[in-house]
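Here's the letter readout for the chains.
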Amino acid sequence: MPELPELNPVIHGKLRLALLSLLAGVEEAEFTWLRAKTGSTDGNLGAQLMKLEEAGYVAVEKKFVQRKPQTIYRMTETGRVALAEYVQALKLLLGGAM
Amino acid sequence: MENTEQAELRDRLKLIESMMAEGRRKTESWGWSFLLWGVAYYVATAWATLGHSNFAWPVTMVAAGVLTAVMAARTSSGHPETTLGRAIGAVWSAMGVSLFIVLVCLGASGRYDAHVFMAIIGAMLGTAHATSAIMLRWKMQFACAAVWLAASVAACFGSETVVTVAFLSATFFGQILFGIYAMILDVRRRQRGAANA
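One line per chain: the protein sequences are A and B, in this order.
Take 0 as the starting number for the first sequence in numbering that gives the first Met the number 0 and just add one per residue.
Take 0 as the starting number for the second sequence in numbering that gives the first Met the number 0 and just add one per residue.
These are calculated hints, taken from the structure and not from any lab test.
You may find that some hints are simply not true.
[As the list claims (entries may be wrong)] As a list, the in silico DMTMM-like pairs of lysine to aspartate or glutamate whose alpha-carbon atoms are at most 20 Å apart:
id: 1; chain 1: A; residue 1: Lys13; chain 2: B; residue 2: Glu80
id: 2; chain 1: A; residue 1: Lys62; chain 2: A; residue 2: Glu5
id: 3; chain 1: A; residue 1: Lys13; chain 2: A; residue 2: Glu60
id: 4; chain 1: A; residue 1: Lys36; chain 2: B; residue 2: Glu4
id: 5; chain 1: A; residue 1: Lys62; chain 2: B; residue 2: Glu80
id: 6; chain 1: A; residue 1: Lys13; chain 2: B; residue 2: Asp10
id: 7; chain 1: B; residue 1: Lys13; chain 2: A; residue 2: Glu29
id: 8; chain 1: A; residue 1: Lys90; chain 2: A; residue 2: Glu5
id: 9; chain 1: A; residue 1: Lys62; chain 2: A; residue 2: Glu84
id: 10; chain 1: A; residue 1: Lys13; chain 2: B; residue 2: Glu7
id: 11; chain 1: A; residue 1: Lys61; chain 2: B; residue 2: Glu16
id: 12; chain 1: A; residue 1: Lys61; chain 2: A; residue 2: Glu84
id: 13; chain 1: A; residue 1: Lys61; chain 2: B; residue 2: Glu80
id: 14; chain 1: A; residue 1: Lys36; chain 2: A; residue 2: Glu84
id: 15; chain 1: A; residue 1: Lys36; chain 2: B; residue 2: Glu80
[As the list claims (entries may be wrong)] To give an idea of the chain B side of the interface with chain A (calculated C-beta under 8 Å), a few residues:
id: 16; residue: Gln5
id: 17; residue: Leu8
id: 18; residue: Lys13
id: 19; residue: Ile15
id: 20; residue: Met18
id: 21; residue: Met70
id: 22; residue: Arg73
id: 23; residue: Glu80
id: 24; residue: Thr82
id: 25; residue: Ser92
id: 26; residue: Met94
id: 27; residue: Glu159
id: 28; residue: Thr163
[Unchecked claim] Here are some, though not all, of the chain B residues that point toward chain A, as calculated from beta-carbon distances under 8 Å:
id: 29; residue: Arg11
id: 30; residue: Leu14
id: 31; residue: His78
id: 32; residue: Pro79
id: 33; residue: Thr81
id: 34; residue: Arg188
Even glycine gets a Cβ: it sits at the ideal position worked out from N, Cα and C.
Extracted from the complex, chain B is given alone in its bound form (with noise of 0.2 Å):
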């Protein structure tokens, strides 16, 4: 076979995995959900401590999941969606309304525990971090979930300073800095993507 032929068959060979990796892209752009719940976690504790209110985590909560839900619609809008994308936003989502329901119940009926709203809060993102993780291969959303169970782990055993201090630190690293990091390589894959087109 000739050169100029095998270079032509390579090429068709390279179309095929780019044009295939266009269409999973959609799956990892999602950098800015993970930051906007950090800073809503920091709102939501910064009104709860120094407001005094009990309406700061239900309104904060609701106000953050009505801004994903119209962003989400703004970026997804008239791209396809992949079974996995749809598994990944499945997690989250069951996720989501799961905290939401557990959380505001206990509020309601009085029952309200730091340390075992922490505990929960650490479980359930870890939990969903830790399948996100195994389901894209993402070594560094494997160490969100880590440091998510990890917060966990110390709202059982430590004091109420532990508790707020794994809670704040958990929400920096594991929800802030993984959304900021996740944004970077979103916008260099499609600076890539760009200079290959």
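Okay, chain A solo, but in the shape it has when bound (with noise of 0.2 Å):
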């Protein structure tokens, strides 16, 4: 019986999984879109972020535009690639199931 895939702890968190999502379909994001497509408050927002930075899976610029500050994220290609894994592991494990 082949073994069962263990699920990837740092995007298996419900809030950094919506992001690595949200990120995977654009090119880049600035902090507040996340923030208003995940209902989220920014300490916590800030946080979850810096923890997929750590892992490398998201890459983050800070710029000023007219003089107002802004953050944007964009997902790197390891955060690409945990996510396609991820996706897969959760396929596999739902497989006699779905």
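Taking the hints as your guide, dock the two standalone chains into a single complex.
Right, here's the structure in full:
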């Protein structure tokens, strides 16, 4: 019997999974857009994005647009691979039940 | 595996799908621009016919272009860009600029011919609609492409009356009606999204 895969704990958190999925559908996104789409608080969102950044799944860029600070996030190649592997693992785990 | 765990894993899959769709939603909310340009064609046609003005088309088209740019900047503000969105935007922008330059040059050179004008407009709009339809796999937009190409063919063979009727019909079905349809779809999608949130 094949061994069941383990789910990546960094991605498995609901908010982190939502963030990675959002970033997978776009080229880059502002902090404010991610906050609006997830309905999360600034503090929680910042903390979860930092975890994703530490894991190398997202890259962050801070810049000023018309004198206003903007924090832009984009998914890295490592993040894309990790999300694809996570989805694959989910499908395998649900294989018998789907 | 227990049912609660399975349900939780299924929830995760649904979350991934819904969030990815959220990112792509922006590409589908351009119905207003089709409606705007459809109305602009009618305004330009009416002005040119009733007012006998050579400025009717260039002025109306520039005004519609400026209005589109302003509204697009307002609606896109803060929204992230997708590759698909940029590709479709590029098709329409390139088509608009090419069409404007060619038609202005034709008018300025004095080689104005209603048949040629309408054939070019129909072919260019048909091509842009068809390209978008293929990218989005959207049958309704493909129907718009067919309408514009049919109008273009009619402009090549028909009388001046046929050209006018074909152009006005294609504008109504391929721009105005399609724009309203796309806007209704977008509103419904937003309502569904709000209900699922």
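Going through the hints against the structure:
A threshold of 20 Å between alpha carbons decides the hint, and for A/Lys13 with B/Glu80 the separation of about 24 Å lies outside it, so the pair is violated. With a C-alpha separation of about 38 Å, the suggested pair A/Lys62 and A/Glu5 falls outside the 20 Å cut-off, and the hint is violated. Simply put, A/Lys13 and A/Glu60 have alpha-carbon atoms about 24 Å apart, too far for the 20 Å limit, and the pair is violated. With a C-alpha separation of about 26 Å, the suggested pairing of A/Lys36 with B/Glu4 is violated against the 20 Å cut-off.
Proposed proximity of A/Lys62 and B/Glu80 is supported: the alpha carbons are some 17 Å apart, at most 20 Å. Under the criterion of a C-alpha separation no larger than 20 Å, the hint pairing A/Lys13 with B/Asp10 is consistent with the structure, at around 10 Å. Distance check on the hinted pair: B/Lys13 and A/Glu29 sit about 23 Å apart at the alpha-carbon level, beyond 20 Å; violated. This hinted pair checks out: A/Lys90 and A/Glu5 have alpha carbons roughly 12 Å apart, not beyond 20 Å.
A distance of roughly 32 Å separates the Cα atoms of A/Lys62 and A/Glu84; the hinted pair therefore is violated under the 20 Å criterion. Pair hint A/Lys13 plus B/Glu7 holds up; C-alpha atoms about 10 Å apart against a cutoff of 20 Å. Of the pairs offered as hints, the one joining A/Lys61 and B/Glu16 is violated, with about 28 Å between alpha carbons and a cut-off of 20 Å exceeded. With a CA separation close to 29 Å, the supplied pair A/Lys61 and A/Glu84 exceeds the 20 Å bound.
A hinted pair counts as satisfied when its Cα atoms are at most 20 Å apart, and A/Lys61 with B/Glu80 qualifies at roughly 17 Å. Restraint check for A/Lys36 and A/Glu84: not satisfied, since their Cα atoms lie roughly 24 Å apart, outside the 20 Å limit. For the hint pairing A/Lys36 with B/Glu80, the CA-to-CA distance comes to about 15 Å; that is within 20 Å, so the pair holds. With its C-beta approaching chain A no nearer than about 5 Å, B/Gln5 sits inside the 8 Å limit, and its interface hint holds.
Because the beta carbon of B/Leu8 sits about 5 Å from the nearest beta carbon in chain A, less than 8 Å, this interface hint is met. The closest approach between the C-beta of B/Lys13 and any C-beta of chain A is roughly 10 Å, which is over the 8 Å cut-off, so the hint fails. About 4 Å separates the beta-carbon of B/Ile15 from the nearest beta-carbon of chain A, less than 8 Å, and the hint is met. The restraint placing B/Met18 at the interface with chain A holds, with a minimum CB-CB distance near 4 Å, inside the 8 Å limit.
Below 8 Å, beta-carbon pairs count as interface contacts, and B/Met70 has none with chain A, the closest being about 19 Å; its hint is therefore violated. Checking B/Arg73 against chain A: minimum C-beta separation of about 15 Å lies over 8 Å; hint violated. Below 8 Å, beta-carbon pairs count as interface contacts, and B/Glu80 has one with chain A at about 5 Å; its hint therefore holds. The criterion of a C-beta within 8 Å of any C-beta in chain A is met by B/Thr82, whose closest approach is roughly 6 Å, and the hint holds.
Contact between B/Ser92 and chain A, as hinted, is not supported at the beta carbon level, the nearest pair being about 18 Å apart and thus beyond 8 Å. Look at B/Met94: its Cβ only gets to about 23 Å from chain A, farther than 8 Å, so that hint breaks. Residue-level restraint check for B/Glu159 is violated (minimum Cβ-Cβ distance to chain A is 48 Å; threshold 8 Å). Interface restraint check for B/Thr163: the shortest CB-CB distance to chain A comes to about 43 Å, outside 8 Å, so the restraint is violated.
Look at B/Arg11: its Cβ gets to within about 6 Å of chain A, closer than 8 Å, so that hint holds up. Interface restraint check: B/Leu14 against chain A, minimum CB-CB distance 6 Å, threshold 8 Å, status holds. Checking B/His78 against chain A by beta carbon gives a least distance of about 7 Å; that is within 8 Å, so the hint holds. For B/Pro79, the suggested interface contact is upheld, since its CB lies about 4 Å from the closest CB of chain A, less than 8 Å.
A least Cβ separation of about 5 Å between B/Thr81 and chain A falls short of the 8 Å threshold, and the interface hint therefore holds. A distance limit of 8 Å between C-beta atoms decides the matter here; for B/Arg188 the minimum to chain A is near 14 Å, and the interface restraint is violated.
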